[in-house]
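*Asks:* Read off the chains here:
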Amino acid sequence: MRRVTNRLRPLILSGLLLALPLTDADAKNIKPDPNGLPPQDVKDLHYGDVLFYFFQDDYFDSITRLLAARQLERIPHTQGEAELLLGGLYLSLGEHVEAGRIFEALLNQNTSEAVRNKAWFYLGKVWYQRGYLGESERALRQVSDKIDPRISAERYMLLAQLMMRQNRYDDAITALRSWHGTPDWTAYAQFNLGVALVRRERLADAIPYLDRVGRIETRSEELLSLKDKANLALGFALLQAQRAAEAKPILQRVRLEGPYSSKALLGVGWADAGVGEFKRALVPWLTLRKRNLLDSAVQESFLTVPYAYNQLSATGQAAEYYNSAIESFDAEMKRIDDSIEQIRGGHLLDRLLDDDKKDTLTWYWQLTTLPNAPESRYLYQLLASNEFQEGLKNYRELNYMSRNLDNWREAVSAYDDMLDTRREAYNRLAPKADAVMSATDLAGLTQKRVDFESRLNEIEKSKDVAALGTPEEQRTWVRLRRVEDYLAAHPDDPDLAEMREKERLMKGVVYWRLSGSFKARLWNARRSVKELEAELKETQKRAVLVRQARAGMPTNTGVYAGRVGAIRARMDQLQQRLADVSAEQNRFLQALAIRELEGQKLRISTYQIQARYELAAIYDRASNDKPKAKP
Amino acid sequence: MNPKYRVVSIIARGALLACAWAAGAALAAPSAATAAAGSPPTATAPATPASGTTAAPDVAPADNFKTLDQEVQGLKKDVIDLNKDLFVLEEELLFPSNTQVALYVSMDVGAFFALDSVTVKIDNKEVKNYLYTAREADALLKGGVQQIYLGNLKVGKHELVAFFTGKGPAERDYKRGATINFDKGIGAKYLELKITDRVAKHQPEFSIKDWE
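From first to last, the protein sequence lines stand for chains A and B. Note that my numbering has the first sequence beginning at -8, numbered continuously upward. Note that my numbering has the second sequence beginning at 121, numbered continuously upward.
One should not assume that every hint holds.
[What the hints assert, rightly or not] Computed Cβ-Cβ distance ranges for the label pairs, DEER-style: (1) A/400 x B/217: 21 to 29 Å; (2) A/426 x B/273: 21 to 29 Å; (3) B/215 x A/428: 24 to 32 Å; (4) A/426 x B/297: 39 to 47 Å; (5) A/504 x B/217: 50 to 58 Å; (6) A/173 x B/271: 30 to 38 Å; (7) B/217 x A/444: 52 to 60 Å; (8) A/418 x B/273: 23 to 31 Å; (9) B/293 x A/418: 17 to 25 Å; (10) B/271 x A/464: 51 to 59 Å.
[Said to hold, decoys possible] When the alpha-carbon atoms are kept at most 16 Å apart in a straight line, the in silico EDC-like pairs for lysine to aspartate or glutamate are as follows: (11) A/34 x B/312; (12) B/287 x B/258; (13) B/314 x A/286.
Derived by calculation from the structure, the hints in this document are not laboratory data. We treat Cβ as the ideally placed atom computed from N, Cα and C, and that holds for glycine.
Chain A with its partners taken away, still in its complex shape:
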C-alpha cells in the first residue's frame, strides 16, 4: 500500500466546537479538570447527552440527538449554545451550506468575538477547500484580527491563496507584501509571493523571495519540501527567461531523494544544454531515465537523452535511445489503456474505500492509503487533489448514509410487528378490562367511605366508647345492657339487689376500659379512613388511566402506524436518491480519473510521435550521408 502525501492534516474542528458550548457556561467549580476544561454544571441533561457523542467525534449521533432534543423542547437552558454547536456539527459533517445559514443567523453582535471569529474562519476554510471561493473570501473577511496568531496567519494565507486560485495575482501580491504572520508561516507567505510575482512576469522581484525560501536552514520535512519547491520554481523560471547558467546552481539545491528531484534533474540537464554543455546534460538526464516512467520528467528524459546524443553527433546511440523510448511509450500507453478500462468497470471508488473505517463521518476525513491496483500509480497526483478528495468524501458519506438507512429499515420493520402485537393484545385485553371496570362500583365505595367517616364523627360527638370496642367487648357491653334493662324492669325485686350491684360494678369496669382506649381507637379508625381515601383516589386515577388507554389505544396505534408508514416512504425515497446521487458521484470521479489518464496518455503519445519523428530524421540523414554508389 502507498500512502498519499498528507497535504492536509486533520483540522481540529473541535477547537471551534469546544469553544462554542463552553463559552457562556457558568463554571461552578473552581478546580480545573485534567484537560484544562472548566467544569460546568449540567443545565440540560439532553444537551449533555449530545456533548457525550460530540466529544467522542461521533458527529452524526450527536447531531441526530441535538435535533431531536430541540424538537422535543428538552434544551430550554442551552438553546444558544446548542444552536452554535448545531452549526459546528453541520460543518463537521461537510454540510457547509446549512452551517453557513446557521452561523449567518447567529453570529451577530451578541455572540462573543472569539466564537464569531472561529466560526467564520472554519466556515471559510471549508468553503475554500470545496472550491466555493467567493463564499470563502466573504467568510474569511468577517474574521477580525483579534484571534489566535496562528489562525490569523492561516486566514491571511487562505485569502492570498484563493486570490491566486482566481488568478488575482496583483491582489495576492498586495496581501502577501503586507504579511505579518508568525515565523513558521513566513516561508510559505514568501514562497506564494514569489510565485505570484512569477505569474505576473516579475521575475526580478520574485527572485529574492524564492531564493530566501530556497536557502532556509531547517530539519523540518515540511519546510525541506517547501525549500525544494522554491528552488524548483525559481530554477525553471530562470530557464524560461533564458538564464540557464543562473538556473543550474538553484536547481542543484533540490534534494536528490525528495519528491521534486526528477523535475530538478530534468532542469539541471536543460541548464547544461542551455549553455551548450550536452555531455554534462547527459549526466542528470541518464540518471533520470532510470527512474519510473510514470513521472512526466522521466518521460521527457526519454527524449532529452537521445536529443543530447544527437547534439553530440552520436547518432547511433541517439537512434538506440529513440527506439527504446518508442517501445517504453508503447508499453506505458497500453498500461494506461488497461487502467482506463478498469476504471470504466466502475469499481475504482469501492476499491479506494476498501480499507476505510466506515463507521465515522468527519469533515476532515481523507483517503490515506491507495489500493495496490495498477491504476493507483497513475492517479497518485489526482487522488491527492482537493477536487477528487472532496468528491470521494461525498461518495463515502452517501454510502455511510445508505447503510444508516438500511439499519433503520430493520428497526422500522420491528415497529410494525410491535404495533400489530399491541393491536392484538388490545383486542384481547379490552373485554377483560371492560368487565373489571363494569364490576367495580367506585361511586358506591366512595359513598361507603363518606358514611363511615360520618359515623366516626357521630361516635366522637356522642362519645359512644363502646362503638369502637373489640367485638368481644361489644358483645359483653350488649349483654350488660340487656342485664341492665332486665334489672330496670324489676326495680323492687329484693332478690336482684346483689345482681344489680354486680352489674353496676362490671359495667363500670368495662366502661373504664373502653373509655381508656377510646381516643387511640378513634385515631386508628380515622387513620384507616384516610388510608381508604388515598387508596380510593389512586383507584380512581388508575380507572381514569385505564379508560383513557382504552379509548386512546386504537387512535395511538393508528397514529403510530401512520407515522411508521410515512417514514418508511421517506426512507424508500431517500434510499433511491442516495443510490442515484452516489452513482452520479461515482461517474463524476470516474470521469476525473479517466480525464487524468487520458491526459497522461496524450502526453506520452505526443512524446512518442516526437521520438518516431526524430528517429526517422536520423535514418534520413544517415541514408543521405551515405556515399552514393558510383555509376
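Dock chain B against the given chain A, drawing on the hints supplied.
*Replies:* Just chain B now, with coordinates in the frame of chain A:
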C-alpha cells in the same frame, strides 16, 4: 524547418510547461492549512494533439463538482432530518413518556476517580452494567452526559441503586454505591447519577439527582 530545432522547441515548451507546473503547484501552506491549490497542469503536450489519441467521452465539466456537491448537501440534510424523526419516533413508540425512565451519568472534574463501570439496579433488578472505554470516560470528563439507560417503569414508588467502580485516589480500586427512592409519576422520569469531587476530603462523591 530543421528537425533538430523542432524537437528542441517542443522539448523547451515542455520545460516551460514544467515551469508552469512548478509555479502552479506552488500555492503552499503548512500542512495544518488547506491543501495546495487545485490540480496542477501537467507538463503536457505541445499544441498539436497526437493522432490516435482518443478524446475522453467521460470528461467531467469543471462546474459539475459544485452542482453535485450541492445536490449531496441537500440529500445529506434530508437524511439527517430523517434520522432525527426516526429517533423521536423510536423513543415515543418504545418509551412513551407516561412510563419512560431515563438514567444519565455525569462526571464533574473527576480528579479523584477514574470511572471503569457502572451497574444500575431498579427495584433490586439489574437493568444495566456498563463498562466504559477510555474515550467514553474522557467524553464524560469534558462535560458530556451519558444516557446509560432508557426504559419503562410503572407509575409508583421505586428504588434505584447504582454502583460505581474505578480507580480512586492513589490509583486504588474503588467501588461505591448510591441509592435513591423515587416516585414515578405520569410524565417521563429523569435521574442523574453524578460523580463529583469532594475537594476538602480528596475523595470522589457519588449521588443521584432526581430531575423533576
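*Asks:* CA of residue 287 of chain B to CA of residue 258 of chain B, is that 16 Å or under?
*Replies:* Status holds; Cα separation ~14 Å.
*Asks:* Using the beta carbons of residue 426 of chain A and residue 273 of chain B, state whether their distance is inside 21 to 29 Å or not.
*Replies:* holds, 27 Å
*Asks:* A range of 17 to 25 Å was offered for this pair. Does it hold for the Cβ distance of residue 293 of chain B and residue 418 of chain A?
*Replies:* violated, 54 Å
*Asks:* Quick check: does the Cβ-Cβ distance between residue 418 of chain A and residue 273 of chain B fall within 23 to 31 Å?
*Replies:* holds, 26 Å
*Asks:* Indicate whether the distance between the beta carbons of residue 504 of chain A and residue 217 of chain B respects the range 50 to 58 Å.
*Replies:* holds, 56 Å
*Asks:* Does the Cβ-Cβ separation between residue 426 of chain A and residue 297 of chain B fall within 39 to 47 Å?
*Replies:* The hinted range 39 to 47 Å holds for residue 426 of chain A and residue 297 of chain B, with Cβ atoms some 45 Å apart.
*Asks:* Do residue 400 of chain A and residue 217 of chain B keep their Cβ atoms within the hinted range of 21 to 29 Å?
*Replies:* holds, 26 Å
*Asks:* Does the Cβ distance between residue 217 of chain B and residue 444 of chain A fall inside 52 to 60 Å?
*Replies:* For residue 217 of chain B and residue 444 of chain A the Cβ distance comes to about 37 Å; the hint is violated.
*Asks:* Has the given pair, residue 34 of chain A with residue 312 of chain B, been kept, meaning a C-alpha gap of at most 16 Å?
*Replies:* holds, 12 Å
*Asks:* Go ahead and decide if the range 24 to 32 Å is satisfied by the Cβ distance of residue 215 of chain B to residue 428 of chain A.
*Replies:* holds, 27 Å
*Asks:* Verify the proposed pairing of residue 314 of chain B with residue 286 of chain A, using a straight-line Cα cut of 16 Å.
*Replies:* At roughly 61 Å apart (the allowed maximum being 16 Å), residue 286 of chain A and residue 314 of chain B break the hint.
*Asks:* I want to verify a distance hint. Is the separation of the beta carbons of residue 271 of chain B and residue 464 of chain A within 51 to 59 Å?
*Replies:* holds, 52 Å
The structure does not agree with the numbered hints 6, 7, 9, 13 stated previously, though it agrees with the rest.
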